[in-house]
Amino acid sequence: AQSVAQPEDQVNVAEGNPLTVKCTYSVSGNPYLFWYVQYPNRGLQFLLKYITGDNLVKGSYGFEAEFNKSQTSFHLKKPSALVSDSALYFCAVRDPNTNAGKSTFGDGTTLTVKP
Amino acid sequence: DAGVTQSPTHLIKTRGQQVTLRCSPKSGHDTVSWYQQALGQGPQFIFQYYEEEERQRGNFPDRFSGHQFPNYSSELNVNALLLGDSALYLCASTKAGRGSTDTQYFGPGTRLTVL
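These protein sequence lines map, in sequence, to chains S and X.
Quick note on the working numbering: the first sequence kicks off at 1 and runs consecutively.
Quick note on the working numbering: the second sequence kicks off at 1 and runs consecutively.
Just so you know, these hints were derived from the structure itself, not from any lab.
One should not assume that every hint holds.
Stated by the list, open to error - Under the rule of at most 25 Å between Cα atoms (straight-line distance), these lysine to any residue pairs were calculated in the SDA-like manner: (1) S:K22 x X:A38; (2) S:K22 x X:T103; (3) S:K58 x S:A5; (4) S:K77 x S:R42; (5) S:K58 x S:S73; (6) S:K102 x X:H67; (7) S:K102 x X:R63; (8) X:K95 x S:Q45; (9) S:K102 x X:A2; (10) S:K49 x S:S28.
Claimed, not checked - One-sided excerpt, in silico: chain X residues whose CB lies under 7 Å from chain S: (11) P43; (12) L90; (13) T103; (14) P108; (15) G109.
Said to hold, decoys possible - Non-contacting residues of chain X with respect to chain S, defined by C-beta distances greater than 12 Å in every case (computed): (16) Q56; (17) P70; (18) S86.
No residue lacks a Cβ here, since even glycine has one placed at the ideal position from N, Cα and C.
Chain X on its own, in the form it takes in the complex (with noise of 0.2 Å):
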């Protein structure tokens, strides 16, 4: 049972730039929520998509934005790069519904460079 994959593992970019990450969820899972962890601190939650919509948002402005395809993998584009959009970008995959308890499964992660 293959877990949460993401893709690329490592990836270099310049101030201004455009970057897409790549999820695909655990088997059986079909939301995917996107995490933002800086160094030295917890992740911070973007967004979440379910049914190939944004179904929630943290605190992140719209140069963050994302897509979900019909087979529940995801992608995240940020757009107009900045110094501090450098960090690991999570993937979590999870069971959906109001008041689940299924418990999300963090994917390794993308290591985001912005020079």
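Here chain S stands alone, though its shape is the one from the complex (with noise of 0.2 Å):
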């Protein structure tokens, strides 16, 4: 069985100061690990994902994640956050092993950016 916590409910930043959603996850095997992020009332957007190869992912607007094997942690990072940032982020794992499209998602985090 996979499964993904997001141990921080909310996350509160000033903006321009760097920003770090955590995520760890629990799969067999090497996995899949995508970062989405849902506005209100929207549905999620792609915002990156970790296959293979470096351990740093970069990704839409600015954001990047690391993938560490050891610590079994993606955790999502921006340097310097902005404003409409604020959203609601979801981290997803995915056994390779399984057809593609059963990801398991955390509960997610609500990013506040604050001016």
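Join the two chains, each given in its own frame, into one complex according to the hints.
Dropping the structure here:
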């Protein structure tokens, strides 16, 4: 069975400061990992994914994430936060031995960036 | 290039009724997955359709059923609605294949309210 934990329900940062949204996972074998963002009353928008290769993955809107196999973590980061980054962020994992599409999501982290 | 579309946007039903939600996948995608997102939670996998057949299923009762059409669009049907079925229902599409690294793209969702 695969699972995802997002240990922080809420993260608050000041605009211009770096941000980190944490994610840890559990899956058999090498995971496929994803970050999505959700704005109010909207669907999920894809930010970035880790499949293989470089542990630092760069994605949309200046976000990046670092895969750490020993710590089973995939934290989302951004060097300088914007007020417009305020949203709900979801980490997801998929076992590559399953068919594409069945992902397990965390419960989300609300990011608030204050001016 | 049209993304994933869903209809209707909002729906209000009463307990015991039946509901049908619709989804059209992103162009070039052949696999459709449905997720239920309750308030304050991450999306929960309901099932996945490929080649007009249910290929994987999450932990949801038989009241939840679906269908995929030859043009890859899909329907989610829920019978005997319960209050607890109130949620945002998300459709996601991707390309098939075990080990596929293709990203899931989500539609805007259908907000179902059961009274």
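Each hint, compared with the structure:
no. : hint           : in the structure
1   : S:K22 x X:A38  : holds (22 Å)
2   : S:K22 x X:T103 : holds (21 Å)
3   : S:K58 x S:A5   : holds (21 Å)
4   : S:K77 x S:R42  : holds (22 Å)
5   : S:K58 x S:S73  : holds (16 Å)
6   : S:K102 x X:H67 : holds (17 Å)
7   : S:K102 x X:R63 : holds (20 Å)
8   : X:K95 x S:Q45  : holds (17 Å)
9   : S:K102 x X:A2  : holds (22 Å)
10  : S:K49 x S:S28  : holds (18 Å)
11  : P43            : holds (5 Å)
12  : L90            : holds (6 Å)
13  : T103           : holds (5 Å)
14  : P108           : holds (4 Å)
15  : G109           : holds (5 Å)
16  : Q56            : violated (5 Å)
17  : P70            : holds (19 Å)
18  : S86            : holds (15 Å)
Figure legend: structure checked against the earlier numbered hints; the only hint not met is number 16.
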